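2 protein chains.
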Amino acid sequence: MTTIADKVRNGVDTQQMYATLDAIKAQPELGRFEFRARNHWIAGAHNRTTIQGFYGAGQEDESRAEPFVIDAGEPVILLGANTGPNPVEYLLHALAACLTISLVYVAAARGVRLTEVESSLEGQMDARGAFGLSDEVRNGFEHVRAAFRLKGDAPPEKLREVAARAQQRSAVYEMVTNGVPVTMEVEVA
Amino acid sequence: MTTIADKVRNGVDTQQMYATLDAIKAQPELGRFEFRARNHWIAGAHNRTTIQGFYGAGQEDESRAEPFVIDAGEPVILLGANTGPNPVEYLLHALAACLTISLVYVAAARGVRLTEVESSLEGQMDARGAFGLSDEVRNGFEHVRAAFRLKGDAPPEKLREVAARAQQRSAVYEMVTNGVPVTMEVEVA
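As given, the protein sequences belong to chains U and E, one line each in that order. With our numbering, letter number 180 in the first sequence gets 180, and the count goes up by one each step, no holes. With our numbering, letter number 20 in the second sequence gets 20, and the count goes up by one each step, no holes.
Hints are supplied without guarantee of correctness; some may be wrong.
It does not matter which identical chain is meant; a pair holds if it fits inside one copy or across any two.
To be verified - Derived lysine to aspartate or glutamate pairs resembling EDC-like cross-links, with alpha carbons at most 16 Å apart:
| # | residue 1 | residue 2 |
| --- | --- | --- |
| 1 | 151 | 116 |
| 2 | 158 | 116 |
| 3 | 151 | 118 |
Treat the hints as calculated values from the structure; they're not laboratory data. Here the structure is a predicted model, which means the values were calculated and not measured.
The following block holds chain U by itself, in its conformation from the complex (with noise of 0.2 Å):
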């Protein structure tokens, strides 16, 4: 007998996953994704970010009823005024973000019950880059650091392979490693 509990695991329901990952295995189309974020500025570093609708699976996704809406800023000592995070540290959020679904999507598979995941990224930066005070460092972080802890019901050397297949798998980690071409078109009026 099947139990819920059997089915649903970390979360994640893996009759799904594995319904998924069937479909996109025998009609490879499936897996084509686009999203999108809309942004305008406000005022100073304050600008805002809506983001609902993409495309996925042969159709676009109407499952979020409302907008996600999210607001960026600067702190004080880089001329803003606290209206939210940074960018910079957006994007340690989407590196922590991807990798922890990662972690328990790769867990769910391998029929790993996790119980706890934290993790504390940090990024060092010379700002003189951004300033356009020099052109020897670059603008971004000059390397990132994100400490995992892991608590489960499987030995250690399991979860670390959990651990090391998320981050082979992890989308963000890979854009951010690795990088991505960026088309920027600008429309003035």
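Using the hints, position chain E against chain U.
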């Protein structure tokens, strides 16, 4: 006579901006910053990041009385419950926010008053990478398109110059296009 209107342009205090630039020029170590994010898993794809302190300009920042708390998740089709934007959407947000702040700061420094900055970003991916179904596609976006629309009290050529300089100086744009080394450490218990 210098008026407030001269000092504050696009919501940016240009006197504070020039003072900051002068201070970092005189003492380059003031440009050292470390940004941080802490994340913990809640259930399934749902996880939460807390952002508050950072190091910069020679000291620990204490300007944020309360932490910023940000939730992430996945849509239903990606085995989540829409508890927040997903990590790759947050990456688009970080990129939009950073390019927007760069535009506003560069314009302020160059005496250009902006009246509108809007952007729309899209990233395409083949989810077979992140799902571990194919080693022939990457995990993350193949390409990101960022379409900006600017309005301001300067000729179109000047607005385009501001946009080009902002793209050249944005920290997140630089990281996303070039990549950053990330060290992942895992402690199991």
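Within, between, both or neither: residue 151, residue 116 at alpha-carbon 16 Å: Intra 5 Å, inter 48 Å, cutoff 16 Å: intra-copy only.
Copy assignment of residue 158 with residue 116, given that the CA separation must stay at most 16 Å: The answer is within: 15 Å in one copy meets 16 Å, while 52 Å across copies does not.
Alpha-carbon proximity between residue 151 and residue 118, which holds within one copy, between copies, both or neither at 16 Å: The answer is within: 9 Å in one copy meets 16 Å, while 43 Å across copies does not.
Of the numbered hints given earlier, the model fails none.
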